[in-house]
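Required output: the full structure, derived from the provided sequences and hints.
Protein chains in written order, with UniProt numbering: chain D, 1 to 392; chain G, 1 to 190.
It should be emphasised that the hints constitute simulated quantities derived from the structure, not laboratory data.
Since this is a predicted model, take the numbers as computed values, not measurements.
Each residue gets a CB set at the ideal place from its N, CA and C atoms; glycine is no exception.
One should not assume that every hint holds.
Stretch by stretch, here's where chain G covers chain D in the computed footprint (C-beta under 8 Å, at least three residues) [claimed, not checked]: (1) 23-36; (2) 100-110; (3) 133-141.
Here is what each chain is made of, one letter per residue.
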Amino acid sequence: MRALTWHGKHNVQVDTVPDPQIVNPRDAIIKITATAICGSDLHLYDSMIPGMSNGDILGHEFMGIVEEVGPANTTLKPGDRVVVPFVIACGKCFFCDHKMPAACDNSNPAEKADASEVAYGYAMTGAFGYSHLTGGYAGGQAEYARVPYSDYGPIKIPDGVSDERVLFLSDIFPTGWMAAENAQIKPGDTVAIWGCGPVGLFAIKSAILMGAGRVIAIDHHPRRLELAKQNGAEVLNFHEVKVREALMEMTAGIGPDSCIDAVGMESHGFSPDNIIDAVKQETKILGTDRPHVLRETIMAVRKGGTVSVPGVYGGVADKWPIGAFMEKGLTLKTGQTHVQNYLPDLLQLILDNKIDTTDLISHRLPLEQAAEGYKNFKTNQNEWTKVVLLPH
Amino acid sequence: MPETDPISTDAEVASPAFIDKDLVEGEHSAASIRAALINRPRQDLYDYWSDITNLPSFMENVKAVDILETGRSQWTIVGPGGMDIQLVSEITEDVPGQRIAWTSSEGSDVDHEGWIEFKDNAFGRGTEVRLFISYDPPAGAVGKVVAKVLQREPRIQARRELRRFKQLMETGEISTSKAPDAAPRGDRHF
Ligand SMILES: [Zn+2]
Ligand SMILES: [Zn+2]
Numbered sequence: 001m002r003a004l005t006w007h008g009k010h011n012v013q014v015d016t017v018p019d020p021q022i023v024n025p026r027d028a029i030i031k032i033t034a035t036a037i038c039g040s041d042l043h044l045y046d047s048m049i050p051g052m053s054n055g056d057i058l059g060h061e062f063m064g065i066v067e068e069v070g071p072a073n074t075t076l077k078p079g080d081r082v083v084v085p086f087v088i089a090c091g092k093c094f095f096c097d098h099k100m101p102a103a104c105d106n107s108n109p110a111e112k113a114d115a116s117e118v119a120y121g122y123a124m125t126g127a128f129g130y131s132h133l134t135g136g137y138a139g140g141q142a143e144y145a146r147v148p149y150s151d152y153g154p155i156k157i158p159d160g161v162s163d164e165r166v167l168f169l170s171d172i173f174p175t176g177w178m179a180a181e182n183a184q185i186k187p188g189d190t191v192a193i194w195g196c197g198p199v200g201l202f203a204i205k206s207a208i209l210m211g212a213g214r215v216i217a218i219d220h221h222p223r224r225l226e227l228a229k230q231n232g233a234e235v236l237n238f239h240e241v242k243v244r245e246a247l248m249e250m251t252a253g254i255g256p257d258s259c260i261d262a263v264g265m266e267s268h269g270f271s272p273d274n275i276i277d278a279v280k281q282e283t284k285i286l287g288t289d290r291p292h293v294l295r296e297t298i299m300a301v302r303k304g305g306t307v308s309v310p311g312v313y314g315g316v317a318d319k320w321p322i323g324a325f326m327e328k329g330l331t332l333k334t335g336q337t338h339v340q341n342y343l344p345d346l347l348q349l350i351l352d353n354k355i356d357t358t359d360l361i362s363h364r365l366p367l368e369q370a371a372e373g374y375k376n377f378k379t380n381q382n383e384w385t386k387v388v389l390l391p392h
Numbered sequence: 001m002p003e004t005d006p007i008s009t010d011a012e013v014a015s016p017a018f019i020d021k022d023l024v025e026g027e028h029s030a031a032s033i034r035a036a037l038i039n040r041p042r043q044d045l046y047d048y049w050s051d052i053t054n055l056p057s058f059m060e061n062v063k064a065v066d067i068l069e070t071g072r073s074q075w076t077i078v079g080p081g082g083m084d085i086q087l088v089s090e091i092t093e094d095v096p097g098q099r100i101a102w103t104s105s106e107g108s109d110v111d112h113e114g115w116i117e118f119k120d121n122a123f124g125r126g127t128e129v130r131l132f133i134s135y136d137p138p139a140g141a142v143g144k145v146v147a148k149v150l151q152r153e154p155r156i157q158a159r160r161e162l163r164r165f166k167q168l169m170e171t172g173e174i175s176t177s178k179a180p181d182a183a184p185r186g187d188r189h190f
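Structural data, given as structure tokens:
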């Protein structure tokens, strides 16, 4: 089959590789009809996440048609249309039992689990196409993919609903939704969201559906800010205003009730701390993450407020504003998305036309042009807001 | 400077080996202990483990287990450098539903000892499983190579085997991302 493979920093290409096969009894093979490039794929593209091997197939947002199922899979059959969550979860361990599939104990293969256990104090859960730290599973930017534990994760899609409307159930829609849920929004609350990329946009849509009175979105790309505005947010361009001061002004000195960091470890911006962080990140000696946005959310949120972090962080951060965090009595909620928990309800929102999941798509490319998609999504974030790849 | 007592704890640690390093090191040169919480009834786990012909299903390095007579079995294990290691294992303790201990008999290539314990979690979270593995490498030149590998091997082996056992017991299969799930990869695997 054809698949997009990783070959080092800013080097991805479409190669011919062996077709995946059923390995375990609960597996399924999916013929992929649509797959997307995610903002977090850019961390791999930029070589910010360790544990990649030459030839790894990328991609964790995908959907398609079931081609074949293993003998123990009683929920799927060939021909079913499914969206596959990026989190691989067994459905049987303590964490899956307690509705925390993104903390599944079993989906990272034993021989892959050692590295993250050393780095994070626990073994990370498996995920598609996201380095050998999360299991080294082949991803979905390909013609076919093997889906482990496929009787637990994938959700069936009724006929007549287009791929584009449901594809983002695999990651960015539930991730934006959980970001808003973690922000503990009460009706009428003011929510500030840093980053109007795909997750930020879904966080805006979700916060409004959850009853936020006011959503303030922060970015510097005009096109992304325009999308945020179309979705009902007031917008701030951080090149034009001092974000914390503007938020204080807008909220009459109180600050937003909740702040969402939908940017993560590679935040932009030109504040002094951000430049120091960038140097540290490049040298790989002094630290890895650039937590500028995280610091700003803590400084800006109102006393007793909540900070929610869907943005990906991978390493360590310093100059953590622990004084502000403690003195203001803040709550911080974060984590990889428990995708499986949200799928039935979010699919229903789509079917009921309560949410538009397609307005952020800027480009649709055949899989063969995936490398071009990565390059542009990375370097032209204003125009390239979301790329969907079509393998067949 | 006043003498300070070593750090101690009054909390109950299920196996003393976790707080007393000497108990882990034991009489062998390489040893490890590992605990895992498994979301299955204690008896199921004990039953599966006590049928030792099941063990190669999740022990990656075990090529074959042949039952010799009551309590004794012949093990063929893939050793360092691809050479086979022969081991005759003898059950030294078997408390049904709770604990199995074994040791290697004379004539084995490696002097080996281990035990596994099963205990109900006090808070209803399934079964606590603790695995102890220790080895002494054979003497001689080959022994030196084996010794080098074994210094780290029991630690890795205990955690990986327990992880695979947990996967198999909880999910019915052992997680893998090896080919043919995907393309052949480059060298930087771990
Ligand atoms: Zn993603
Ligand atoms: Zn699980």
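Quick rundown of the hints versus the structure:
1. Counting residues of the segment 23-36 of chain D whose C-beta lies closer than 8 Å to any C-beta of chain G gives 4; at least three are required, and the coverage claim holds.
2. With 6 residues having a beta carbon nearer than 8 Å to a beta carbon of chain G, the segment 100-110 of chain D meets the requirement of three or more and the stated coverage holds.
3. Only residues whose beta carbon comes within less than 8 Å of a beta carbon in chain G count, and the segment 133-141 of chain D has 4; three or more means the coverage holds.
Checked against the numbered hints above, the structure breaks none of them.
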